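Trainee: These are the residues of each chain, in order.
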Amino acid sequence: MAIPTLDLVITVEDHTGKQSDTTVYFRKDVGLEILIQELGVAGAELIDGIHNGKTVSAQVCAGVDLSGLTGNINDASGDVEEAGRLLFRSLPGFDVNVTVPAFNTLNAPEGSRAIDLGDADVAALETILTTNFVTANGPIRARDVGNAVLTELVSGRESTRPTGKRVKEDNL
Amino acid sequence: MSVVASINYTFEDSKGARSTTKVRVPNDFNLDGIIEFAQAVGQALVDLSLARLIKATVCVGIDLSVAVLRATANQLSDIGRKAFFKLRDAASNFAKFLNIPSLDEPALTGPNSDDLILTALPIATLETAAASGLDAGGTNAFLTDNRGTRMTELVLAQERFRKRR
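Protein chains in written order, with my numbering: chain P, 1 to 172; chain U, 1001 to 1165.
Keep in mind that the hints were calculated from the coordinates and are not lab data. Computed from a prediction, not measured in an experiment: that's the story for all the values here. The reader is advised that the hints may include incorrect statements.
[Claimed, not checked] Cut-off 25 angstroms, straight-line C-alpha distance, at most; resulting in silico cross-link-like pairs (SDA-like, lysine to any residue):
hint, chain 1, residue 1, chain 2, residue 2
1, U, K1086, U, E1159
2, U, K1096, P, D65
3, U, K1022, P, I128
Chain P extracted, bound-state conformation (with noise of 0.2 angstroms):
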């Protein structure tokens, strides 16, 4: 279940351009979801009155309830660090990454890095990605950087990458 609140995360920055970041949560009232805007406004002059630094970006976060998912569960051979790098393309042309981390490699041919583009897995990804999702607010589609629609699924293929934190394991 996501925890309802509305995370106003403003970043300040020193005179010697040091950043730093903190958070304000406020509670999800019916409504609000629409004043985000607002919210962050109103939220970053509070905060700008304490501090004496400048303040450089706000952003409001809201989480998603994840509790209606089906299959999420841990599988014992996964790890984050083998991903799954689907290449999709946006209008005008602009490469957007997507990362899957690990990426489940029944979903890729034997004795290849290529992901099977085919696969229902993966383009069941690329339909929703790809084209207009109707939710009861309208149709929906995902973006670029550029606020361009992302139009086809270009390649996949499986990488490894390090997450930066290594758990440490017992008797190796």
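On the provided structure of chain P, position chain U as indicated by the hints.
Mentor: Only chain U this time, still in chain P's reference frame:
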């Protein structure tokens, strides 16, 4: 305001290692709609992964050009110097600590004290926000802890020093 909002997914494998991935969506869309989309994308990612999806958040950048903010950092500003606040829910006694970087010196009660003046305007505003909510476009937003428990009062305000990263 940035043109896109991001949906951030955090996966955790059986060893406890975590990794994140991100999908972007337009930020001029209704938040409930983005959350509905985020759940569907989350399911598609779960179907492709051997790890467990433990967290997903929708983050929207705020346009600060309309906010009344300090234009430049003060020469005395230092992010290692924090304004430390303890907020509390009077009924349950749950507390939330808030550290605001780069405390403004005049908020202190005096040269030999770490206490902040609760009646000074910015801190008094925070106290009011805790008690009766912060006005966000006509709707009051209530301060909570990270579990959603509403904080109702400001009980401590001090200067603290933390390590700089």
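Trainee: Take a quick look at whether K1096(U) and D65(P) sit within 25 angstroms of each other, Cα to Cα.
Mentor: holds, 23 angstroms
Trainee: Within a Cα-Cα threshold of 25 angstroms, do K1022(U) and I128(P) meet the stated pairing?
Mentor: holds, 14 angstroms
Trainee: Has the given pair, K1086(U) with E1159(U), been kept, meaning a C-alpha gap of at most 25 angstroms?
Mentor: Given that 25 angstroms is the threshold and the Cα spacing comes to 12 angstroms, the pair holds.
Figure legend: structure checked against the earlier numbered hints; every hint is met.
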